[in-house]
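**Student:** Spelled out, the chains give:
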Amino acid sequence: MATALAFSFAGSADAAPKKDFKLAWSIYVGWMPWQWAAEQRIVKKWADKYGISIDVVQVNDYVESINQYTAGGFDAVTLTNMDGLSIPAAGGIDTTALLVGDFSNGNDAVILKDKTALADIKGQKVNLVEFSVSHYLLARALASIGLTERDLSVVSTSDADMVAAWATPEVTAVVTWNPLVAEIIATPGANKVFDSSQIPGEIIDLTAVNTETLKDNPAFGKALAGAWYETMAIMSSDTPEGKAAREAMGKASGTDLAGYEAQLKATRMFFKPDEAAAFAKSPEIGATMDHVRSFLFDHGLLGNGADSADVVGIELADGKVLGDTGNVKFRFTDAYMADAAAGKL
Amino acid sequence: MRLINRRPNAGAGRILALLPFIVVLGAYLVGSAARLAENPNDKLLPSLSSLGAALQRMAFSTDPRTGDILMLVDTEASLYRLAAALAIAVAIGLVLGIAIGLLPYFRAGLGAFVAVVSMVPPLALLPILFITMGLGEASKIALIVIGVAPCLVRDVALRVGDLPPQQMIKAQTLGASTWQIVLRVVLPQTLPRLIDSLRLQIGPAWLFLIAAEAIASESGLGYRIFLVRRYLAMDVILTYVIWITLLAFLMDRGLALLQRRAFPWFAAARATG
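Here the protein sequences come in this chain order: A and B. Taking the working numbering, the leading residue of the first sequence gets 1, the next gets one more, and so forth. Taking the working numbering, the leading residue of the second sequence gets 1, the next gets one more, and so forth.
These are calculated hints, taken from the structure and not from any lab test. Since we're looking at a predicted model, the values are computed, not measured. Keep in mind that a hint or two might mislead.
Which chain B residues face chain A? A few, computed with CB under 7 angstroms, are given here [to be verified]: (1) N39; (2) N41; (3) D42; (4) K43; (5) L44; (6) S118; (7) A124; (8) I131; (9) G134; (10) L135; (11) E137; (12) L227; (13) Y231.
Partial list, derived from the structure: chain B residues whose beta carbon lies under 7 angstroms from chain A [unchecked claim]: (14) A216; (15) R230; (16) L232.
Heads up, the beta-carbon is just placed ideally off N, CA and C, and yes, glycines get one too.
Sequences and hints are given; from them, build the entire structure.
**Tutor:** Here it is in structure tokens:
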């Protein structure tokens, strides 16, 4: 009772309207537009329209960006659906998936050395970033051929060292993401045996916002959505301006126009707000989040004393809740994307 | 009475020793309570009870996925790496240190080289180690050895150089060979000092161990910390940090005790000196 009171008090204390907001992003094909939009002053234009300011901050380390958001250092962050559930939501930070940017459609892959079938992974040591979407992809890949993680052993390896690790003879199987996949596949003997295009729509990249902040400051959500879809329209266009945008995003992520476009091919970008809104509302999201939460629960990632996958509630765009309705901490909404589609921003 | 001459009595001394611990613990509890009041699921500063639950989960119950007691497995893996690396580093430190400190030819040939090598930041070599020695145990142990051994070599060489030359002359007039001087004059006086030096290197050794485990591992205390960092499990991280600190502290005390037992004359000399 006392904690509930304290919580509601803290909640209302937070409710003071804000003017200045911070968005954290990290390097990934689907999030590069944020930096470009900030540089082109598109973000500023939309923030000015709503009389607020938005600081777009690049964080070098993806997990660190989520941790900083969870600790309260940022109002919004770019992350995957899985990390959104396991880090901020399981940590009690009510988080709303404001924008569904894309889903991985081949960007994440299981790669074997000198073997060509997924079933050959049995008994091998598999190097991956443990508890990341790579780990999730591996679990889904194994399930597709009736194996489990007990049939192999997982070696936690930092993504920064993945390419170097692949070069050593003892590493024979890795699960990782682009641009690392592209680099590893280019070496002799590397075979892609499973990738995220075989589980389309399950690894979703989001721009997520603190729910409390969003509720008190809808202008923040509107400004983000406005800036995002203006950027999407430019980068997807077949004009010199669009090409220049893609080239700049490729350079900023350490590759070039061709490399960036290759990554975009393995990414199902939602360039149009109506497509994004339709995907956010689709029943597939519920099925995906069910897979994701049972993966997280099986691996002990839903926090202290979680006794079932239901412990953290997930609200879908149609208002249906997966899990504990009294502890909804992760929400999908199509509201802002729909507003963008309807030109109401 | 001047401040420098005032001493606490035994009881006051104990209270003063405890005071900083109590202050830190108190500050933590206040901060934790404030954050938890705002968000009962807060992961940043977990309450003592969730630290206890994490300890219970990691140290006293088996992991449902692997059937292992994780903290035990991690501790064994880390201590094995640390012990192997420190044993190698001590052997290198003793042999090279005495050679450089005592034999002019070695000093001329290796002194400057070791001095330069000891300035190479070991962590910067980590990517090279992983490529040349693989991701297994060898490269982790090598990193600790590279980090610790040059300091031990230089310290032992300096200590050997500090030995009074009269001892060497006296031993030679009594007919001792170089080898006998090493065994009977240098080694007994160097060993207790090597222990001192090793005590100072325990902190860096842990640092290198944890850095190596952060990159590629299946077990180890550092591995677990970097793994659970992925979902901000500060309850596990803090439990492990306390455990690592305790292990390092016990290693330090153990070496101090060994030094006192094995070389009682050294402690006596230090007390009067």
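**Student:** It remains to establish, for every hint, whether it holds in the given structure.
**Tutor:** Outcome of the hint check:
1. N39: Given a least distance of 4 angstroms, the restraint on N39(B) holds.
2. N41: 3 angstroms, holds
3. D42: It holds, given that the least Cβ distance between D42(B) and chain A is near 6 angstroms, below 7 angstroms.
4. K43: Cβ of K43(B) sits 4 angstroms from chain A, so the hint holds.
5. L44: Cβ of L44(B) sits 6 angstroms from chain A, so the hint holds.
6. S118: Interface hint status for S118(B): violated (26 angstroms vs cutoff 7 angstroms).
7. A124: 14 angstroms, violated
8. I131: Interface hint status for I131(B): holds (6 angstroms vs cutoff 7 angstroms).
9. G134: 5 angstroms, holds
10. L135: 6 angstroms, holds
11. E137: 11 angstroms, violated
12. L227: 6 angstroms, holds
13. Y231: 5 angstroms, holds
14. A216: 4 angstroms, holds
15. R230: Holds. Min distance 5 angstroms.
16. L232: The hint holds - L232(B) has a Cβ within 7 angstroms of chain A, the shortest such distance being about 5 angstroms.
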